[in-house]
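Line by line, the protein sequences give chains A and B.
At position 23 of the first sequence (counting the first as 1) the number is 23 in the working numbering, and the numbers step up by one without a gap.
At position 41 of the second sequence (counting the first as 1) the number is 41 in the working numbering, and the numbers step up by one without a gap.
It is possible that part of the hints are untrue.
In this list, chains with the same sequence are indistinguishable; a pair is considered to hold if it fits within one copy or across any two.
[What the hints assert, rightly or not] Calculated lysine-lysine pairs in the DSSO-like style (CA-CA distance at most 27 Å, straight line): (1) Lys132 to Lys43; (2) Lys132 to Lys24; (3) Lys24 to Lys36; (4) Lys184 to Lys43; (5) Lys24 to Lys184.
Calculated from the structure, these hints are not laboratory results.
Predicted model, so just to flag it, every value in this text is computed and none were measured.
Chain residues, written in single-letter form:
2 protein chains.
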Amino acid sequence: MVTLHDNLGSGNAYKVRLILAHLKRPFRRIEYDVTKGETRSAKFLTINPNGRIPALEFEDGRVLVESNAILFYLAAETDFLPSDAFSRAQVMQWMFFEQYSHEPNIAVARYWHHYIWDEVSTDAVRMSALDKKMEGGRDALTVMDNHLRGNTYFVNDAFSIADIALYAYTHVATEGGFDLTTFKNINMWLERVAAQSRHVPIIRDNFEQFG
Amino acid sequence: MVTLHDNLGSGNAYKVRLILAHLKRPFRRIEYDVTKGETRSAKFLTINPNGRIPALEFEDGRVLVESNAILFYLAAETDFLPSDAFSRAQVMQWMFFEQYSHEPNIAVARYWHHYIWDEVSTDAVRMSALDKKMEGGRDALTVMDNHLRGNTYFVNDAFSIADIALYAYTHVATEGGFDLTTFKNINMWLERVAAQSRHVPIIRDNFEQFG
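In isolation and in its complexed conformation, chain A is listed as follows (with noise of 0.2 Å):
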């Protein structure tokens, strides 16, 4: 059975967690209190070397970390992902957004906002970076929102894991202070995602029901 190093509140780690309920696997579960620094102990770093969850361990001992990627391994040949190249390579394009234009603003905002908020809101060179994080924020969801404008899902209008990989931080972007309301295509593919039927919340306590 696999290992997932995990944080139930993490939406990078609540990827894998649905993925695998997707794929009914079984597997076992670490968690990591990220706010103790959990991810940067000598230990730790042994599995991932970046101090980050979640990485998934394989029965051989080998690790597989950075979410995306480990959406990708794990849908390879399923339903999940695409198999003609360029559906593929559009499948990629998102998880790509999500990591480098979406994740950096509406995670991190809602982790401030969350978890930290009497450090950040004291601080004003933090409140001044949660502007600009609220800003890009809005930005990349208006950018989902128009694509959104017509299809159903990401790519092809099939779920996949582009939809799994934006799914994560877009139900859960209001903790970040996000006003999701005006967003109606993004509404009704949260709706869409949900609505899979092997899907689970993000925080779940009874994980022995997995697989």
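Start from chain A and add chain B according to the hints.
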């Protein structure tokens, strides 16, 4: 012939020129001045709604954006992308590392130092953000240098698009104020990449020679 929406100084655009050179694939290019907002014009936003170069436009009008997704598409079924599933996922892992932990620090520090220094150096918030980017960039370089201890390239000791993605901004990191002298393994790897037979430098005027 494909058309590259390009910027000669951009490492992200250079990645695409580099893989096209390695693949001996002719292309035409259109130059955009990022500092003048040319990638945010109404016309360009119909090519990439996210307002960024590079964008690769195919003969039939289809467009692919996100430098690493373009690398992935062009390298499919070539020696620049491993054929086995796990190695391929490791290539993706390093490309996501590049876009999340490397480029936002090293490329942005270079852009600030090299292109808009007057604006940055008089802005206390940005100068403070720059300190964090320098620290994050050194962390990313340290992860790379440690990995390259005993590895000639990033995955399977074979030159791949992971190396192209990481080479783009690493080899010009000094332009962002980074000191590369202590990263011995990175320096040897930079030499190996530059010694590849069809290697081209980041700025090259005579693009007609390609192909």
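Cross-check of the supplied hints:
Proximity of Lys132 to Lys43 under the C-alpha cut-off of 27 Å is restricted to the inter-copy arrangement: shortest distance 25 Å between copies versus 35 Å within a copy. Taking the shortest alpha-carbon separations for Lys132 and Lys24, neither the intra-copy value of 39 Å nor the inter-copy value of 41 Å comes in at or below 27 Å. For the homomeric pair Lys24 and Lys36, neither the shortest alpha-carbon distance inside one copy (32 Å) nor that between copies (50 Å) is at most 27 Å. With identical chains, the CA atoms of Lys184 and Lys43 are at most 27 Å apart between copies only, with a shortest distance of 25 Å across copies and 45 Å within one.
For the homomeric pair Lys24 and Lys184, neither the shortest alpha-carbon distance inside one copy (31 Å) nor that between copies (45 Å) is at most 27 Å.
Hints 2, 3, 5, counting from the list given before, are not met by this structure.
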